[in-house]
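Line order of the protein sequences matches chains A, B and C. Under the working numbering, the first residue of the first sequence carries the number 98, and numbering increases by one thereafter. Under the working numbering, the first residue of the second sequence carries the number 288, and numbering increases by one thereafter. Under the working numbering, the first residue of the third sequence carries the number -9, and numbering increases by one thereafter.
No lab work stands behind these hints, which were simulated from the structure alone. None of these values were measured; they are calculated from a predicted model. Among the hints, a few may not be true.
[Claimed, not checked] Straight line, CA to CA, 30 Å or less: simulated DSSO-like cross-link-like pairs of lysine-lysine:
(1) B:Lys516 to B:Lys528
(2) B:Lys418 to C:Lys308
(3) C:Lys(-6) to B:Lys413
(4) C:Lys68 to C:Lys(-6)
(5) B:Lys418 to C:Lys256
(6) A:Lys182 to A:Lys238
(7) C:Lys256 to C:Lys308
(8) B:Lys413 to C:Lys256
(9) C:Lys316 to A:Lys182
(10) C:Lys256 to C:Lys(-6)
(11) C:Lys308 to C:Lys(-6)
(12) B:Lys346 to B:Lys516
(13) A:Lys259 to A:Lys182
(14) A:Lys182 to C:Lys68
(15) A:Lys182 to A:Lys260
(16) C:Lys305 to C:Lys316
[Claimed, not checked] A few chain C positions that, by computed beta-carbon distances, are all more than 10 Å from chain A:
(17) Met67
(18) Asp151
(19) Val265
Note that the Cβ used here is the ideal one computed from N, Cα and C, for glycine as well.
The residues making up each chain are set out below.
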Amino acid sequence: MDLPAQVWVQAIVNGLALGWLYVLMALGLTLIMSIMGILQLAHGEVYMIGAYVTYYCCVSFGVNFYAAMFISMVVMAVFGIFMEKFLFRPVRTQILSPIVISLGLTLILMGSAVVGFGLYERSIPRLAQGSFVFLGSAVPKDRIIAVGFAVALLLLLYLFLKKSKYGQAMVASAQSREGALLRGINPNLMSSMAMAIGCALAAAAGTLAGSILMLSPSMGTFPLLKGLVIIVLGGMGSLLGATIGGIFLGVIDGVIPVAFGPAVASMAPLIIVIIILLVRPQGLFGHE
Amino acid sequence: MPLLEIRNLGKRFGGLAAVSELDLDVGQGEIFGLIGPNGAGKTTVLNMVGGTLSPTSGKIIFGDEDITRLPPYRRAQRGIARVFQRDVLFRSLTVLENVLAGFHLLSGMGFTEIFFERPSVRRQEKVLHEKAMEILRFVRLDRQADEMAINLPHGNQRALCLAIALATQAQLFLLDEPLTGMGGEEIEAMMDMIRTLRDGSGITSIVVEHNIRAVIGLCDRVAVLDYGKKIAEGSPKEVVKNPGVIEAYLGVEEDAI
Amino acid sequence: MSRKLLINILSIIFLAAVIIALPITLGSVYWTSILVIMGINILLVSSLRTLKLVGHISLGHVGFSLIGAYGSALLLMKVGISFWIAIFLGGLMAAVIALALAYPFLRVKGIYFVLLTLLTAETFRLIARYWPSLTGGVWGLLRIPPPNPITIPVIGTITFDSVNNYYYLAAVIVSLSLFVLYRLERSRLGFKWRVIQDSEVLAQSVGINVMWHKALNFTIASFFAGIAGALFAHYQHALSPQPTARFGLLASVYLIVYMVVGGESKFAGPIIGTVFLTMVSELARGLEEYRPIMIGAIAILTMLFMPEGLIGLPKRVKLWYRKLLKPKRRVQCPT
Chain A
98 MDLPAQVWVQ AIVNGLALGW LYVLMALGLT LIMSIMGILQ LAHGEVYMIG AYVTYYCCVS
158 FGVNFYAAMF ISMVVMAVFG IFMEKFLFRP VRTQILSPIV ISLGLTLILM GSAVVGFGLY
218 ERSIPRLAQG SFVFLGSAVP KDRIIAVGFA VALLLLLYLF LKKSKYGQAM VASAQSREGA
278 LLRGINPNLM SSMAMAIGCA LAAAAGTLAG SILMLSPSMG TFPLLKGLVI IVLGGMGSLL
338 GATIGGIFLG VIDGVIPVAF GPAVASMAPL IIVIIILLVR PQGLFGHE
Chain B
288 MPLLEIRNLG KRFGGLAAVS ELDLDVGQGE IFGLIGPNGA GKTTVLNMVG GTLSPTSGKI
348 IFGDEDITRL PPYRRAQRGI ARVFQRDVLF RSLTVLENVL AGFHLLSGMG FTEIFFERPS
408 VRRQEKVLHE KAMEILRFVR LDRQADEMAI NLPHGNQRAL CLAIALATQA QLFLLDEPLT
468 GMGGEEIEAM MDMIRTLRDG SGITSIVVEH NIRAVIGLCD RVAVLDYGKK IAEGSPKEVV
528 KNPGVIEAYL GVEEDAI
Chain C
-9 MSRKLLINIL SIIFLAAVII ALPITLGSVY WTSILVIMGI NILLVSSLRT LKLVGHISLG
51 HVGFSLIGAY GSALLLMKVG ISFWIAIFLG GLMAAVIALA LAYPFLRVKG IYFVLLTLLT
111 AETFRLIARY WPSLTGGVWG LLRIPPPNPI TIPVIGTITF DSVNNYYYLA AVIVSLSLFV
171 LYRLERSRLG FKWRVIQDSE VLAQSVGINV MWHKALNFTI ASFFAGIAGA LFAHYQHALS
231 PQPTARFGLL ASVYLIVYMV VGGESKFAGP IIGTVFLTMV SELARGLEEY RPIMIGAIAI
291 LTMLFMPEGL IGLPKRVKLW YRKLLKPKRR VQCPT
């Protein structure tokens, strides 16, 4: 455990960079979960497809990276609205059906990606070359930019939820679906918006991750699990909890492998979540 | 000796005391009414006696036994039956099957019956079937025995809830608003049934109700709760004239007397 | 003998005849091997449905399958216990672990329970992945021996290294297991499970110890998952903790889809679902990469248009037929 300080700093920085991306996933998941009441297990695939959309925009159509990311977010948002209206809304009242539908979506999306894009990995052109030196260790610039984007999106989301009428309605719906209904908030509109925003965030996360790491059809499973861990940690329906939980998990994810090795790193978050689910399922900050 | 003794019962939710310092005795064979304005804590008391809520203070003694810490299923085994405020029924079962479910305590669970049906098991099934039909005849649902429970109109569902409670052979019935949402005739029928249970089988009932007229007609004794505390106790006629009670209900209840 | 009993016995004999004749009729090792895996899946999905009887949906059933698989294989390989006992012990290990987890786990309801089981199965898989000394780590457990040969007095010694013989072994074990599950469901215990699914609160009020009954159910379901896992281990002769293999999240997804497409309201539902989807996968043999897409699409279409599953098909057809036959009412114009 007596590793030089740089390694620790590197670990923490790596963790933070990824953590922010997980936060974007978790925010989408928690919005969808608390407003629509479903566990969107296909969210990882939305992340993945978002990454591939950006890839194709950049590589095949030569679009600028930032524009491509924006396009990807829009495309996935529209896809989200489509999913909500035609797949999830009809079975809104049941318990098993939405789960199975999200599972079916996972199969279709991942299968399509394998067929359409192939199994080998690719990468989106890097956001930036080189790295800063921070506290004695090299921090790749692209990670900083990715985090910057994530933070910017988070702030945008925060502003929207706090200031706009629709945003406040969404917060109300997330806290209590019945309460929101009583206040005359249209649940269908809320669900559509939740899906749209959630999918856009996932697409952004996928894009940013794709530029730091590699793209592959199975890249979505890991962030989905991380997202689930975060929303349980931070609490379902709590956006603050998702944010704090994400950063916390990111740091842990960065540090634990260095400190304890990959085995503990992969299992520790799961076990923590299991314990939380058993003891306080609504998480540290959650409502329902 | 009273059948049920409640001593210093209290329930706090965070800072709010839903029920506090409640002392009650319910005697064998009584129909005991529990009334009070909305939010007075009546259902909370019933929940604590039934075991679905655990008290923050006090004791509940049933027969000789302190049941305060017992889980609900054990209280059912001791002879306490609960009829809930909302129609809680077994949705995927028929009317008859709902009552048969109530006979759980009578029917054992042989493991060998997995592999073959022993004649003794089949005989017991017949006996239980007969008993179930008897109960259904009492609540006048015998003709709907094979209908799905959820297809019954509200009043019949209430009667079915009572039938399930009867099947458990309980001595103490906890009835949470048994008359709510029913029409005049159904109310009379339900009140008759509760009375017959007392007269015919010696069953004790605690009835939480909003319908004051019914309470006066049905209950032997009544306790009034307001903001979680008992403010009056006695015969229905006395309690209703109690100025404190009238004040508690003032502006809330229309049909006070 | 009553007519119903006669029909039942005849159906069983018919089914048994079909099962026995199948490998011979299909005549290829490939098809027989498909049938073995299908049989194991049938047991897995049916035991998954058993858990649904008390109202819990698990995405972690493969976790207990994993315990049974590794358990049985290791007992045979490292301790030298005969397969015939090891398979039972494998199931038992799964059952014991299920029982240990039952009380805290079954308190958790709805989506949270789904999540909980998902993560638990993942944890089991990761334990298998990261414990090389016990489980062979990421390379998995290899060279698992087939079941020990048995000697029957008149017939001689039967070995189980051929797919054909293993098929019959699996058919017997799976059939017995399904029989037990079916009888349990029809018994008073099964009735209590249904009662608990309908309303835990009311079940408590009639004196049912809900937690105990749910724990019993969970233990039994996991036991059979373990048996299924053990059957797989000694057939495949290798176990892998990779996420895309038999014990990963994807496998859990398939199990739920098989159950739901077949229909979870009747016992035969999961069986029909598994058979149907296995056939669909096989028909698309050349298009293996499209398999997840097809299965996913079938799952979604089923939930949207026929949520009760294939089991509900006869009823639907009947209703549709009746609608077709009913003459259109002519409105009488008042004169």
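Inset, instruction - Tell me, in ascending order, the numbers of any earlier hints that this structure violates. - result: Of the numbered hints given earlier, those the structure breaks are 2, 4, 6, 9, 14, listed in rising order.
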